[in-house]
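The primary structure of each chain is shown beneath.
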Amino acid sequence: MAEYGTAVHEASRKAMSAWYDRLAAAAKSGAPTAYLMISGNCVEILRAFDIEPVFPEVNALQLAIRKQSLPLILKAEEMGYSSDNCAYVKADAGFTFGEGAPGVGKIPKPNFIVCNFVGCNVYIKWFEHCSEFLGVPLTMIDVPFVRSDRPSDGDVRYVVSQLKKLIADCEKATGKKFDIDKLRGICALSAKAEDGWQRCKDLCKNTPSPMDAYFDAINLMGPINVLRGTQDAVDFFDVAVREYETLVKEKKGPIPIEKFRIVVEGPPPYPFYRQFRDLFAAWNAVAVQSTYSTVGGIWEFGFRHDPKNPLESIAEQMLMENLCNRSLLDRYKQIRRYVEEWKADALVIHSVKSCRLFSAGQGDMRDYFANELGVPTLLVESDLEDPRYYAQAMMKNRIDAFFESLEHRKLLRGAQ
Amino acid sequence: MEISATAVVGRTSQAVEQAKAIVSAGLAPVLKRSDAPAFGCFPVYSPYEIIRAAGLLPVGLMGAGASIDIVHADARFQSFVCSIAKTSLELGLQKRLTGMEGAVFHSICDVARNLASVFKRNFPAMHIEYIHLPQNAAGPETEDYLVTEYRRVMTGLEARTGRRIDDAAVAAAIREYNRPRRLMRELYAMRSKEPERIGAAELFPLVRAGTMLPPDEHARLLESAKEEFVARKPRRMDRVKVVVEGAFCEQPPVGLIETLEGAGCYVVDDDFCAGWRWFSTDVPEGPDPVRQLARAWLEHGRASSTRYNPDNPRHKDLVRRVRETGAQAVLFMPAKFCEPALFDYVIFRRELEKENIPHLMVEFEEKMWTFERTRGEVETFVESLLFD
Ligand code: SF4
Ligand code: SF4
Numbered sequence: 000m001a002e003y004g005t006a007v008h009e010a011s012r013k014a015m016s017a018w019y020d021r022l023a024a025a026a027k028s029g030a031p032t033a034y035l036m037i038s039g040n041c042v043e044i045l046r047a048f049d050i051e052p053v054f055p056e057v058n059a060l061q062l063a064i065r066k067q068s069l070p071l072i073l074k075a076e077e078m079g080y081s082s083d084n085c086a087y088v089k090a091d092a093g094f095t096f097g098e099g100a101p102g103v104g105k106i107p108k109p110n111f112i113v114c115n116f117v118g119c120n121v122y123i124k125w126f127e128h129c130s131e132f133l134g135v136p137l138t139m140i141d142v143p144f145v146r147s148d149r150p151s152d153g154d155v156r157y158v159v160s161q162l163k164k165l166i167a168d169c170e171k172a173t174g175k176k177f178d179i180d181k182l183r184g185i186c187a188l189s190a191k192a193e194d195g196w197q198r199c200k201d202l203c204k205n206t207p208s209p210m211d212a213y214f215d216a217i218n219l220m221g222p223i224n225v226l227r228g229t230q231d232a233v234d235f236f237d238v239a240v241r242e243y244e245t246l247v248k249e250k251k252g253p254i255p256i257e258k259f260r261i262v263v264e265g266p267p268p269y270p271f272y273r274q275f276r277d278l279f280a281a282w283n284a285v286a287v288q289s290t291y292s293t294v295g296g297i298w299e300f301g302f303r304h305d306p307k308n309p310l311e312s313i314a315e316q317m318l319m320e321n322l323c324n325r326s327l328l329d330r331y332k333q334i335r336r337y338v339e340e341w342k343a344d345a346l347v348i349h350s351v352k353s354c355r356l357f358s359a360g361q362g363d364m365r366d367y368f369a370n371e372l373g374v375p376t377l378l379v380e381s382d383l384e385d386p387r388y389y390a391q392a393m394m395k396n397r398i399d400a401f402f403e404s405l406e407h408r409k410l411l412r413g414a415q
Numbered sequence: 000m001e002i003s004a005t006a007v008v009g010r011t012s013q014a015v016e017q018a019k020a021i022v023s024a025g026l027a028p029v030l031k032r033s034d035a036p037a038f039g040c041f042p043v044y045s046p047y048e049i050i051r052a053a054g055l056l057p058v059g060l061m062g063a064g065a066s067i068d069i070v071h072a073d074a075r076f077q078s079f080v081c082s083i084a085k086t087s088l089e090l091g092l093q094k095r096l097t098g099m100e101g102a103v104f105h106s107i108c109d110v111a112r113n114l115a116s117v118f119k120r121n122f123p124a125m126h127i128e129y130i131h132l133p134q135n136a137a138g139p140e141t142e143d144y145l146v147t148e149y150r151r152v153m154t155g156l157e158a159r160t161g162r163r164i165d166d167a168a169v170a171a172a173i174r175e176y177n178r179p180r181r182l183m184r185e186l187y188a189m190r191s192k193e194p195e196r197i198g199a200a201e202l203f204p205l206v207r208a209g210t211m212l213p214p215d216e217h218a219r220l221l222e223s224a225k226e227e228f229v230a231r232k233p234r235r236m237d238r239v240k241v242v243v244e245g246a247f248c249e250q251p252p253v254g255l256i257e258t259l260e261g262a263g264c265y266v267v268d269d270d271f272c273a274g275w276r277w278f279s280t281d282v283p284e285g286p287d288p289v290r291q292l293a294r295a296w297l298e299h300g301r302a303s304s305t306r307y308n309p310d311n312p313r314h315k316d317l318v319r320r321v322r323e324t325g326a327q328a329v330l331f332m333p334a335k336f337c338e339p340a341l342f343d344y345v346i347f348r349r350e351l352e353k354e355n356i357p358h359l360m361v362e363f364e365e366k367m368w369t370f371e372r373t374r375g376e377v378e379t380f381v382e383s384l385l386f387d
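Protein sequence lines correspond, in order, to chains A and B.
Going letter by letter, the first sequence gives residues 0 to 415 in numbering that gives the first Met the number 0.
Going letter by letter, the second sequence gives residues 0 to 387 in numbering that gives the first Met the number 0.
Chain B with its partners taken away, still in its complex shape (with noise of 0.2 Å):
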C-alpha cells in the first residue's frame, strides 16, 4: 500500500512546495543573503530575538541530512555519535558554512558541549557562543542567571559586531519573532484538531523552513499555507492518531514523516524543530525585553528532554498532550545515539504504560533514505491498533 503525503490531505499546496525548497535548497542560499549576515543556532533553543537584534539572521545549524557525504567530520567524532553533530562540522569543515558570523550552542548534552569547542577551535574566524540554559526550577535566582546570561552573550556580539543591542530592538525582535511563532501554534491547534487538513510531512517543512529565514519572511509563508489549508474540504480516514516524541535536535528526513502518514498515521502532534516553536504562548512585548525572554524561558517553555524542570515534568506533559490532541499512541522517535532522547524513553515509556497508551519505538537518522523497516513496524502497529 503506497500512500503518499499528498494523497493523505487530497491535493498539494504552493506555500508547502515553496517550504520545501527552501529546506531542500539547505544553507547556502540563506549565506549568501546581503540583507543580515547568518548565525547559526545549534539546537534546540536559542535566544534568536538576541541575535537578530545584533543584526543577524539567527538560521538553524542543523546538520545536513543525506545531503553531505562525511569526509573528515568521522575523524574527529566516533562512530557511536549522533549524525548531527557530524553533518554540522562537515559542512564547516568543507567550507560550507563560509559566510556565517558565528554559531550558538547550549548545555542540551554532552555531545553538543564538546561540539561547540571543536567548532571553535576548528573555525577560529567565527564567533563561537556556548549558552548554559538553566537545569533548573523557575525561580528569582534562575531568573536573574538567565537574564545575565543573555547579556553576557550581548556583549560578546555587540564586540563583533561592533554595533551595540539596546533593548529597543531586542523588543522589536521579539514582535517580529511572535508573529511566525502565533502562526505555528495555530498551524498546530488547527492540525491537531483536524489532521485530515494539514499533513504531518507539510507542517514539518513549514515549519523547518522558519529556520533559515527572517521572521517576517516565514509569517508570510505560514499565512498563505494557512489560508491554503482552511480552503481545503478534506476527508477524514481510518487512521490513528499520533503523538510524535523525541525529534527535538536532529531532523529526520521529511520521507520518514510520509512513511508514517502512510503506514496509518495522523500525526496530532510532534516535537519537530522544537526550539524554533518553544514557547506556549507570545513573549510578552513589555518593558525589560531581555528579562521578558528569559522569564518566558522559565515559564512558557516546552516540556524538553534538553531540559530538567521539576515545574512541568516531561512524562507527565506527554500524557497531557496525547489527552489533549486525543492521541490514541505514541509514537517515540529518538534520532540513533541521541542520549537524552534515548534516557528519556526509560522514564515515558513506563508513564504511557501506567496511562494505558500504547507506544511504538521508531529510532531514525537524518540521513536515512530507505523506509521500509520502519513502515513495515508502523503498519503493525497501526493495524493492532485499528483492528483491536
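So that you can see chain A by itself, here it is in the shape it has in the complex (with noise of 0.2 Å):
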C-alpha cells in the first residue's frame, strides 16, 4: 500500500541532495560549473560539456523555506535594491555577494554565467549584477518572447546561433571538443524524464488527484529543471509515476477526501509554505495543477526534447514550451485547459509582489475567468521570499470565505 507522497519526496531529496554534493565538491576542485535560470533553460548543453550547472533561483527558494531571507534581502537593501524589487533577487544577492548563510552549503564561484533569457526581463539585471559582483563573464542567449502560435523559423535560427555561440564558450573554458552524439544522448534522457513528467501530470486528472500539483510539485519540479539529461532525473520520474500509479489504483490522494478541485497560478508563498498548504487542506482543496509547476517547461502537452534534431528542440522548449516566454493571453488559455481537462472546481491565483512576471495583470485575469467564462476564482496577494508581505489572519479570512462560498454553491447545484 502506497502512503501518499512519500518515496516520491525521499528520492527527490536523495536526487537534488547529490546535485548539491555535486556543487560542493566542484567548489573544493574547481571543476567547471556555470550559473544557469530554470525557465526554459538549456542544461542539456552544459551536460555535453560536464558543466555542472547552478541556479541561483533555487538559492534563492531554499533560503525562504528555510525561513533565512530576511536577513539577506535587507543587506541587499542596504547594497541599494529596492523594497520594490524582486525579493528571489535580493536573497540571493544578500547571499551571494555577502557572507553566505549558516548552514547553507558552498555553492561555487561559476565559471561562466549563461544568461537564458526566456521571458523575465528580471533574469538580465540578476546576471548582470552576478557577472559584475563576482567578475565572472557572462554568455547572454536571448530568447525572442512568442508573439504567434508557433516561433518562426527566424527566431528558431536566431536561437540556435547564440546556443552555437553558448557551445563554442564551453568548448573555451573546459577544453573539450562538442560531441553531437553525446548531446543526443542527453536529449533522449531529457524526453524520458519529460515522459514521467506528462504522466504524473495525466494521472492528476483522476479523482482523487494523486498528487497536489501545486503543493508538491516542487518534487517534480527539481528533478525536471535541474537534474534534466541525466538518468537519476530518469529513474526520479520512475519512482513517481510507479507511486502515483499506485494511488491511483487505491483511490487515495493528498488528503482523505477530495472536496475541491483547484488550479493554481502563481508562485506559492515559500516562507509560509506550510502555513499557506494548510488553509487550503483545511477545506478538503487539493490542486490538481498549477502554472507555477510550468515555469522551467510545459511537458505535459506533449513536447519533448528531440535526439533527432538536439539544437533545434532545446531551442524551441526556450522559446515555446515554457511559462514564462508565453504571454499572459497564451496563460489563460493554459489554465482553461487545466480547468476543463482536469475537471477543476475553482482558479486560485496567488499574486506575488515580487514576480510582476507573473503577477502583473492578474486582475485582469480574474476578470476574464471570473466574468467572462464564469469560473470560481479567488486572488490573495504575498510574496514568494519576502516574509514581510505575507498576513496569516487576512489569508485565512479570504480563503474561508471563498470556499463558504464554493460550497454553498455545490450545495445548490447538486439539490438541482
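Hints may be right or wrong, so weigh each one.
Unchecked claim - No more than 25 Å apart at the CA atoms, straight line, and that leaves these computed lysine-lysine pairs for BS3-like:
hint: 1; chain 1: B; residue 1: Lys353; chain 2: B; residue 2: Lys240
hint: 2; chain 1: A; residue 1: Lys258; chain 2: A; residue 2: Lys409
hint: 3; chain 1: B; residue 1: Lys353; chain 2: A; residue 2: Lys74
hint: 4; chain 1: B; residue 1: Lys94; chain 2: B; residue 2: Lys31
hint: 5; chain 1: B; residue 1: Lys366; chain 2: B; residue 2: Lys335
hint: 6; chain 1: B; residue 1: Lys315; chain 2: B; residue 2: Lys366
hint: 7; chain 1: A; residue 1: Lys108; chain 2: B; residue 2: Lys94
hint: 8; chain 1: A; residue 1: Lys164; chain 2: A; residue 2: Lys175
hint: 9; chain 1: B; residue 1: Lys225; chain 2: B; residue 2: Lys192
hint: 10; chain 1: B; residue 1: Lys240; chain 2: B; residue 2: Lys225
hint: 11; chain 1: A; residue 1: Lys332; chain 2: B; residue 2: Lys119
hint: 12; chain 1: A; residue 1: Lys74; chain 2: B; residue 2: Lys31
Simulated from the structure, these hints should not be mistaken for laboratory data.
Two chains, two frames, a set of hints: combine them into the complex.
In C-alpha cells, the structure reads:
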C-alpha cells in the first residue's frame, strides 16, 4: 500500500542532495560550473561538457523555505536594491555578494554565467549583477518572446545561432570538443524524464488526484529543471510514476477526502509554505494543476527534447515550451485547459509582489475567468520570498470565505 | 526660496509655451486628426518610421499623469505596478483611446509585456503589436533577427491598413524623423554646454510634444525654439550641473523638473522620452532602409536600462556622459515601482562611487503633484556640493 508522497519526496530529496554534493565538490576541486536560470533552460548543452549547472533561483527558494531570506533581503536593500525589486534576486544577492547564510552549503563561484533570457526581464539584471560583482563572464542567450502561435523559423535560427556560440564558449572554458552524439544521448534522457512528467500530470486528472500538483509539484520541478538530461532524473520519474499509479489504483490522494479540485496560478509563498498549504487542506482542496510548476517547461501537452534535432528542440523549448516565454493570454489558455481537462472547481491566483512576470495583470486574469468564463476565482496577495508581505489572518479569512461560497454553490448545484 | 524655470533662464519662449499646450492637451486632439490615424507607442523605443510608412501617426502611449482618475485599471494591475501601465490602460478603459488604430509594446520589462496582453483582450478593435527588441550584442545574426522582426511588424500593419509598405516609404519616413532627431540632438548639445540658455523644464515639453506630432511639425516647433534660445543672452548662475537618469519610460510631471531647477540644479543631460531620442546619429538614408533602422538600433542606440548591451554597458555610459557634460553629480530618478530602473541603481551607484561622482536618488510618480519633500532633499544635496 502506498503512503502519499513519501517515496516521491524521498527520491527527490536524494537526487537533489546528490546535485548539491556535486556542487560542493566542484567548489573544492574547481571542476567547471555555470550559472543558469530555470525557465526554458538549456542545461543539456552544459551537460554535454560535464559542466555542473548552478541555479541561483533554487538557492533563493531554499533560503525562503528555510526562513532565512529576510536578513539577506535587508542586506541587499542596504546595497541599494529597492524594496520594490524582486526579492528572489535580493535574497540571492544578499547571500552571494555577502557571507552566505548559516547552515547553507558552499555554492561554487561559477566559471561562467549563462543568462537564458526566457521571458523574465529580471533575469538579465540578476545575472548582470552576478557577472559584475563576481567578476565572471556572461553569455547572454536572447530568446525572443513568443509573438504568435508558433515561434517563427527566424526565431529558431536566432536562438540556435546563440546556442552555437554558447557551445564555443563551453569548449573554451573546458578545453573539450563538442560531441553532438553525447548531446543526443542527453536529450534522449531529457525526453524520458519528460514522459514521466507528463504521466504524473495526467494522473492528476483522476478523482481523487494522486498528487497535489501545486504544493507537491516542487518534488518534480527540481529533477525536471535541474537534473534533466541525467539518468538520475529518469530514475526519479520512474519512482514518481509508480507511486502515483499505485495511488490512483488505491483511490488515494494527498488528503483523505478530496472535496474541491483547484488550479493554482502563481508561485507559492515559500516562507509560509506550510501555513498556506494548511489553509487549503482545511477545506479538503487539492490542486490538480498549477502554472507555477511549468515555469521551467510545459511537458504535459506533449513537447519532448528530440535526440534527432538536439539544438532545434532545445531552442524550441526555450522559445515556446515553458510558461515564462508565453504571453499572459497564452497563460489564460493554459489555465483554461487545466480547468476543463483536469475538471477543476475553481481557480486560485496567488499574486506575488516580487514577480511581475507572473503577477502584473492578474486582475485582468481574474476578470476573464470569473466574469467571462464563470470559473469561481480567488485572488490573494503576498510574496514568494519576502516574509513581510504575508498576513496569515487575512489570508485565512479570504480563503475561508471563498471556499464557503464554493461549498454553497456545490450544495445548490447538488440540490438542483 | 522659490525660483521658477522661467526665472532660471530669464525669459519665456513662445515655442515652449506652444509645446506645453500640446502636452497638456493630451491625446484627445491627436486622436481627432484627419491626416493619419494615430498608433500608440508604449515606451521606450519603437521603430516609428515603420509605423509612419504604414500611413499612421506614431504617438506616445505614455500614461496620463495626473490628468486621469484611476477607476478601472486598479482592478487589473496591482498596487505594486508602476503608474504608467495603469494610466495607459485606464485611458483605454475610459474609452479615451477611441480612434487609436493600435498600439505597440516592447520587451522592456515584465509589466509592459503583460500590459500588451491586457490591451489585446480588452480592446479587440485595436491592432496590438509586441516587438521583441534583442537583448544581445550586435552581430550578424542579431541584425538579421531584428530585420525579420521589423518585417513581421510591417506585414501585420499591411494586413491591418490594407496598404503595402514599400521600402521607399520607410526611407522617406527615416528622412522625416531625422530632422527632429537632429534638432533634438542640437538642443541637447546646446543645453549641456550652456544650461543657462535652455531650462530643463523647457526642453522637456519640447521633446514630449514630439510624441504627439508628425515629425515635420515637431521639427518646425524645435526650429523656432532653437531660434529663440540662440537669441537669448543668459547669465550663468551658481548651480550644480547634474545628469538625470532613470526616467526613460514613465515621465515625470514638469513640476518636478522645475523643482530640480528651483532647488539649484542645471540639468545637463537626461533620459526623458528616451525612445524618441534613441539614436546618437541620424539613421543612414541609404538603401535597404529596414536594415538601416535595425542596424541603427544595434549600433547607435542609447545605453538604456531596458536593454542589455555588452558593447556599451550602461554604467560606463553614464560615467562617460557625466564626464562629457562636465556634470558634478547624478540625480537618479526612477519611476516608482519601475523594476529596470530600480535594479540598475545598484550598478550605477557602485560605479559612481568608484568614480567619486556624487549622486542622489529621487523617486517619482507621473501623477505626483507636491514637490516639497523632493525640493528639500535636492536643496540639501546641492548645498552639500556647492559649499563643500
Ligand atoms: S521576477 Fe519572477 S521569474 Fe523573474 S526572477 Fe523574480 S521571481 Fe523569478
Ligand atoms: S515604468 Fe518601468 S516598470 Fe513600468 S512599464 Fe515602464 S519600464 Fe516597465
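Quick rundown of the hints versus the structure:
no.: 1; hint: Lys353/B to Lys240/B; in the structure: 19 Å, holds
no.: 2; hint: Lys258/A to Lys409/A; in the structure: 10 Å, holds
no.: 3; hint: Lys353/B to Lys74/A; in the structure: 20 Å, holds
no.: 4; hint: Lys94/B to Lys31/B; in the structure: 14 Å, holds
no.: 5; hint: Lys366/B to Lys335/B; in the structure: 11 Å, holds
no.: 6; hint: Lys315/B to Lys366/B; in the structure: 31 Å, violated
no.: 7; hint: Lys108/A to Lys94/B; in the structure: 53 Å, violated
no.: 8; hint: Lys164/A to Lys175/A; in the structure: 15 Å, holds
no.: 9; hint: Lys225/B to Lys192/B; in the structure: 14 Å, holds
no.: 10; hint: Lys240/B to Lys225/B; in the structure: 21 Å, holds
no.: 11; hint: Lys332/A to Lys119/B; in the structure: 14 Å, holds
no.: 12; hint: Lys74/A to Lys31/B; in the structure: 52 Å, violated
Comparing the model with each numbered hint stated earlier shows that hints 6, 7, 12 do not hold.
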